[in-house]
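Sequences listed follow chains F and B, in order. Note that the first sequence covers residues 26 to 787 in our numbering. Note that the second sequence covers residues 26 to 787 in our numbering.
Keep in mind that a hint or two might mislead.
Identical chains blur together in the list; that is why a pair holds if it fits in one copy or across any two.
Stated by the list, open to error - The list that follows gives simulated cross-link-like pairs (lysine-lysine, DSS-like), each with its CA atoms no further than 27 Å apart: (1) 45 <-> 658; (2) 45 <-> 301; (3) 449 <-> 460; (4) 605 <-> 204; (5) 29 <-> 327; (6) 658 <-> 728; (7) 45 <-> 298; (8) 427 <-> 327; (9) 191 <-> 622; (10) 637 <-> 622; (11) 717 <-> 703; (12) 597 <-> 35.
Don't read these hints as lab results, they were simulated from the structure.
There are 2 protein chains.
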Amino acid sequence: MSQKLSVVGKRIIQPDAAAKATGNAIYVSDITIPGMLIGKVLRSPYPHARIKRIDKSKAENLSGVEAIITPEDTAQWQKFDRGLKDLPMIAGGYTVPADEGVLNERARHFGDAIAALAAINEHIAEEALELIEVEYEELPFAIDPEEAMKPGAPQISDFAGRNIGKHMPYAFPEGDADKALGGADCVVEGTFTTTKQEHCTAETAAAVARIDISGRLIVWSQCQLPHLARREIAHIFNMPVHKVKMITPFIGGSFGQRGSLCAEPICIALALKTGKPVKLVYSREENFIALESRTGFKCNLKIGFNKDGTLTAIQVYMLGRLGGYMGCGPMASAIGMIFGLGHYRCPNRAGEADMVMTNTPVSGAFRGFGNPAIMWGIEQLVDEAAERLNIDPLTIRLKNIKRAGETANMGLRLESTYLEECIKQGAEAIGWREKWGKKKEGAIRRGVGLATMTHCSGAAPLYLDHSNAFIKLNEDGTADLVVHPAPVGQHIWGALSQIAAEELGIHAGDINIVTGDTDVTLFEYGSDASRSTYVIGNATLMAARNAKEQILARAAEMLDISPEELKISDRKISSRVDPKKSISVAEVCYDAIYNFKGECLNISGKCSWESKWNSPPTGAFFAEVEVNTETGKVTVRRLVTAMDCGKAINPMAVEGQLEGGMQQGIGYGLTEDYVINKDTGVVETDNYDSYKMPGILDMPETKVIIIDEPDPKGPFGAKGVGEPGMVGVAPAIANAIYDAIGVRIRDLPITPEKVLDALGSG
Amino acid sequence: MSQKLSVVGKRIIQPDAAAKATGNAIYVSDITIPGMLIGKVLRSPYPHARIKRIDKSKAENLSGVEAIITPEDTAQWQKFDRGLKDLPMIAGGYTVPADEGVLNERARHFGDAIAALAAINEHIAEEALELIEVEYEELPFAIDPEEAMKPGAPQISDFAGRNIGKHMPYAFPEGDADKALGGADCVVEGTFTTTKQEHCTAETAAAVARIDISGRLIVWSQCQLPHLARREIAHIFNMPVHKVKMITPFIGGSFGQRGSLCAEPICIALALKTGKPVKLVYSREENFIALESRTGFKCNLKIGFNKDGTLTAIQVYMLGRLGGYMGCGPMASAIGMIFGLGHYRCPNRAGEADMVMTNTPVSGAFRGFGNPAIMWGIEQLVDEAAERLNIDPLTIRLKNIKRAGETANMGLRLESTYLEECIKQGAEAIGWREKWGKKKEGAIRRGVGLATMTHCSGAAPLYLDHSNAFIKLNEDGTADLVVHPAPVGQHIWGALSQIAAEELGIHAGDINIVTGDTDVTLFEYGSDASRSTYVIGNATLMAARNAKEQILARAAEMLDISPEELKISDRKISSRVDPKKSISVAEVCYDAIYNFKGECLNISGKCSWESKWNSPPTGAFFAEVEVNTETGKVTVRRLVTAMDCGKAINPMAVEGQLEGGMQQGIGYGLTEDYVINKDTGVVETDNYDSYKMPGILDMPETKVIIIDEPDPKGPFGAKGVGEPGMVGVAPAIANAIYDAIGVRIRDLPITPEKVLDALGSG
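Generate coordinates for the entire structure from the input sequences, incorporating the hints supplied.
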């Protein structure tokens with residue numbers, strides 16, 4: 026692409042940077058409304074229990090308590106799917122039954138909400154919570170998916186026979202994997218397990234709800250998918266959609282967790298009950314136990330190769346633990362299979378998954394969404410095959426990676442891919458040639474490893490991939506861009522400003538982002554599936570183009586030349602033929618608004634965009650680790666991520682995404698484990714004292730390499746880069762550990778105990 | 026018009042009624058922001074004075090004072106025209122020089138702002154105000170326009186020679202009035218004077234300003250013209266337009282006064298100076314002296330008739346008092362001449378006006394805008410001519426009123442007029458036949474009088490008449506309508522809801538009005554010139570039609586029939602041919618948003634509308650009065666307003682406008698007088714103890730007659746009805762007084778003293 030870019034690609038300071046850096050950014054937890062009550066939720070201490078009786082009299086008598094609600098009170102409202110999938114948003118009409126009430130008479134997991142209250146302050150609310158007396162009937166429970174599938178296991182949801190919430194086939198099977206595996210020169214296989222991982226958002230789940238005097242419901246929500254949340258909330262509370270206004274302030278992290286309804290339904294129920302504004306902020310413990318976190322999987326993988334290293338077949342069975350409600354969980358396996366089985370060129374692909382309901386906190390979307398789980402196995406098996414075939418891990422991958430023009434992971438044409446460059450530049454950066462495969466000695470041994478991956482830019486053709494953008498030009502040539510991505514920390518406002526400004530030939534700072542209010546914004550599927558820059562970006566580009574056509578048409582008339590002759594840049598429209606013929610964007614916009622020619626116009630562009638493409642980003646991850654063979658401790662010394670993310674709209678923002686991914690990848694690989702006691706169903710890791718998320722001081726030396734090549738379908742060549750950053754980290758570490766000490770860990774996280782076990786010295 | 030209407034014409038409860046009735050409506054004065062300072066303004070006690078020195082040290086030393094600004098501090102900002110007319114918004118390029126600073130070194134009138142401060146609370150702010158020491162150099166001053174025009178009078182503004190701010194010719198002259206008057210059978214003439222009238226808005230002028238961390242300026246403003254105010258504020262404070270966000274909460278009355286910048290510039294200056302949010306609320310006294318109020322005029326009128334009562338010539342010279350700054354004032358004469366001289370059919374029309382700067386508070390727009398001043402004279406002279414020609418006042422008017430197809434007051438074709446019906450139905454209602462022209466006896470005498478008038482529906486072709494509307498359909502067939510009228514109490518939200526709902530075939534309650542934020546709304550000239558229902562209404566209608574076309578196109582595809590065959594009503598689209606073929610609006614909207622056919626669409630309609638027509642409302646006003654010949658007191662016993670307002674979108678709202686007009690008309694006619702001491706320049710009537718506005722208990726029995734006939738150009742036939750309601754009240758009262766006691770009062774207001782004087786017993 027030879028396009029000369031003036032705004033896109035620049036490292037501009039994000040429009041929201043000052044607000045965040047100075048503490049002026051407003052998050053849901055910061056919202057205060059006069060007369061606002063504080064909500065609290067009473068949660069089940071048992072993994073499975075029927076509520077026999079709730080005595081709220083003592084709590085009700087506490088001065089300052091304004092309302093207590095129990096499942097009886099919430100029965101008037103509709104059941105729902107917290108993952109917002111009880112409407113057809115997935116190709117083929119996949120939906121999730123509306124199976125969860127605002128409060129439920131049967132607790133399905135430790136931490137399930139059974140009552141809630143609103144009081145005039147937090148202290149009274151907490152005190153009142155302890156005064157609610159509940160009589161439970163404890164029920165048999167199932168923690169493990171394999172146990173839950175057995176005959177006689179407790180039934181968790183009515184619709185899920187054998188507790189299988191959803192059996193998911195791989196969406197793009199090809200050839201005959203069984204037969205091809207039978208005929209392969211080399212078959213590598215194994216069972217790989219991954220852990221439930223908590224998102225650990227900086228801000229815990231929070232919502233504020235207010236009913237205005239006209240009966241409208243105003244909700245300050247962290248939901249990544251505010252328009253879907255609006256529809257769902259209208260449905261739950263029996264209201265028309267236009268009576269619900271969702272406001273999206275800054276969101277203190279999501280990583281997929283806020284892709285579902287979190288604190289909203291209970292908060293709204295309390296506001297409806299009291300008629301007063303209510304704020305509900307979850308504690309860190311509630312954030313761990315009441316929300317969705319990453320699905321733990323058990324993956325049985327088989328991969329076949331020819332002698333020369335050509336991949337011929339791949340097959341997987343994934344068993345996932347959903348928890349007590351379905352939520353987004355089932356799709357994790359579908360997504361994982363699509364990206365895992367579709368990563369390398371392979372003519373024989375088969376996969377299926379069982380997503381099983383259990384009496385555990387719910388599983389759902391998390392950056393990578395199933396991809397890290399399957400790649401954890403695939404990328405280790407590829408290394409294993411390489412060793413058996415005596416091929417270098419780089420070479421075997423370079424042999425099997427897809428090239429532009431082949432079929433991409435979702436059945437569409439692969440328009441661009443620069444994975445070869447990622448592998449080569451990443452290898453160079455980590456010092457692969459000098460370091461890999463060398464003999465290691467001593468108690469502390471170093472090794473390097475690599476993993477590659479592919480992901481998506483949006484959800485097409487699988488999910489609804491519908492975004493809208495609207496842009497209006499002011500009389501001085503500046504613009505208001507009306508869009509509704511979720512500002513979860515990815516600096517999407519800046520990216521969209523740059524896209525709009527580039528197309529309109531103005532400066533990024535000339536764009537004012539207008540967002541976060543469903544009254545104002547057109548429908549927006551939302552920010553997930555690494556889609557914001559790619560899909561909302563394309564909607565923005567097209568809306569800007571629509572406005573630009575109007576600007577050029579009027580400029581042409583004012584200059585008395587043809588619109589085709591004109592170009593815009595640096596806030597000026599000028600003739601390509603005679604550069605002296607020019608007029609400013611401001612003059613055109615001003616004339617359009619304040620004109621007496623009977624043709625006043627507020628120049629504005631609009632686009633409803635449904636993505637028909639999906640340009641997969643690809644990347645290579647290189648880890649250098651140090652393993653202490655005496656303690657089993659693994660220390661990551663260097664991490665390199667080389668990413669083909671298309672054209673980087675703002676390289677700073679891409680680096681931020683990839684560095685954040687490294688941190689989550691290290692946690693996923695080494696330290697983070699969401700532990701549920703098998704005997705009691707209690708979550709044992711519900712805060713940072715027990716759940717070990719790496720902090721900034723745990724980070725190794727890192728390097729991000731951006732292969733800054735435009736994709737033909739992305740806005741100015743961009744692909745999505747929200748999720749890929751964490752996908753390859755854990756398998757790259759595992760492969761580096763193998764390089765260092767010659768043992769393979771197949772069960773996440775890689776704890777010192779497992780390393781010592783594998784070394785036979787545990 | 027045979028169109029069957031389902032929503033338009035209904036007496037629906039306004040969407041904002043509950044908020045207002047319960048005190049939940051938020052006005053600017055209700056806004057509170059954490060850390061907000063309170064602003065106060067120091068005002069000149071002299072009508073003309075140079076500020077020699079300001080000593081702010083004592084005030085600055087008062088704890089809690091955060092900033093004090095003087096003209097020196099505000100010199101960095103641009104001068105402006107408070108009336109927002111320093112840009113070409115009037116045909117022919119009429120502009121007003123930017124002549125006023127945020128604060129000014131020379132006070133041009135009693136109450137002119139010379140310093141301002143911000144403090145942490147109101148008490149400290151008031152105390153500090155008294156600690157500012159100002160040394161003035163008193164200058165000679167001119168209170169009366171005739172004095173101000175004399176050689177040697179003090180020069181008030183540099184650009185205004187002889188202090189004539191603007192000489193205004195009548196915009197639509199015709200024939201030779203001088204000659205025609207010379208040849209007329211009957212010439213009536215006289216000099217009629219009108220008073221400066223204060224708007225007496227329920228809420229005084231107020232503004233809140235805040236600078237956000239990114240440097241954006243957010244202003245809560247009462248301005249009726251928020252997009253113009255945004256542009257002007259950006260200009261004053263040297264900012265690009267998109268860095269200014271104007272928020273329009275409910276406005277506690279305007280009647281034209283908030284068509285200019287009021288408290289905004291000083292409030293913003295204080296916010297910029299302190300970096301903190303500032304609220305500035307004017308006291309009632311400041312509202313009287315610091316803002317524009319109605320221009321007082323002296324009109325020399327001559328009207329010629331043939332023997333048979335045919336009007337042959339009309340000529341006027343208007344002399345208006347502008348005050349210390351130009352503002353909107355000059356246009357009052359232009360508008361008055363257009364509606365006054367253009368009211369009756371008349372082939373010879375001439376007029377001119379001098380709008381003169383004086384050392385008095387500023388004059389500007391007020392409901393009717395010059396029309397009440399000129400009709401005060403015209404409608405008395407027409408009665409005088411009728412008497413001399415021995416014709417009934419009804420008959421002489423019926424003879425001269427325009428008919429549909431003739432040229433209307435602004436040179437456009439008169440598409441519809443029902444003034445004849447107004448006169449006839451009004452006469453019937455007041456009991457004209459039984460009451461008029463009867464011999465009166467006793468100390469207390471009754472009489473009836475009538476006056477007619479015409480006005481406008483918007484400003485075309487004279488002013489910029491540019492409105493925009495945007496409407497988006499939600500997935501359940503409800504809609505968000507994005508518009509920016511000024512909610513000054515006229516219930517425009519309801520009217521626009523009804524217009525949009527009628528066109529979309531849904532219910533008025535299905536519309537959510539999204540408004541009051543210039544970030545969100547497309548350009549809107551604003552709410553003045555009785556244009557909101559007519560012009561914003563047409564923009565709304567066209568935006569809805571644009572959306573409807575998309576709904577019908579998709580419905581046609583879904584039903585597999587042609588779009589032409591379809592109609593929408595009651596939320597359903599059905600075939601006119603086969604009514605069984607139908608689908609709901611909700612189904613179509615849902616399918617458009619959540620569709621997997623590669624054609625997702627958020628159905629939405631947009632319209633930039635520049636009015637090319639102007640349908641004048643016409644009306645007849647009938648008053649029955651009781652005059653006490655011993656005290657001179659005039660009591661209005663009955664008032665009837667019969668109005669041709671086109672199709673009444675919501676008759677309740679029309680009645681509200683006309684009843685409010687009656688009250689303002691009675692005040693204008695009988696009690697309201699803005700008194701400036703000629704010796705000191707001090708305003709003597711600066712609150713309700715001295716300025717006598719009639720209250721609800723002063724109201725007579727009233728009747729509103731709506732001639733509910735659609736106009737071909739208005740949205741569903743509506744015309745504007747914001748202003749006409751007060752125009753004919755005073756002359757109808759004067760004519761009734763003449764009927765009662767046989768004397769004419771030519772000088773407003775009609776005080777008991779003037780009546781006694783006229784009776785020769787004063």
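Hints, verified against the model:
no. : hint        : in the structure
1   : 45 <-> 658  : neither (36 Å within a copy, 68 Å between copies)
2   : 45 <-> 301  : between (30 Å within a copy, 18 Å between copies)
3   : 449 <-> 460 : within (15 Å within a copy, 103 Å between copies)
4   : 605 <-> 204 : neither (70 Å within a copy, 55 Å between copies)
5   : 29 <-> 327  : neither (47 Å within a copy, 71 Å between copies)
6   : 658 <-> 728 : within (23 Å within a copy, 91 Å between copies)
7   : 45 <-> 298  : between (35 Å within a copy, 23 Å between copies)
8   : 427 <-> 327 : within (20 Å within a copy, 92 Å between copies)
9   : 191 <-> 622 : between (63 Å within a copy, 25 Å between copies)
10  : 637 <-> 622 : between (41 Å within a copy, 10 Å between copies)
11  : 717 <-> 703 : within (20 Å within a copy, 83 Å between copies)
12  : 597 <-> 35  : within (20 Å within a copy, 50 Å between copies)
In summary, the structure is inconsistent with hints 1, 4, 5 from the numbered list given earlier, while agreeing with the others.
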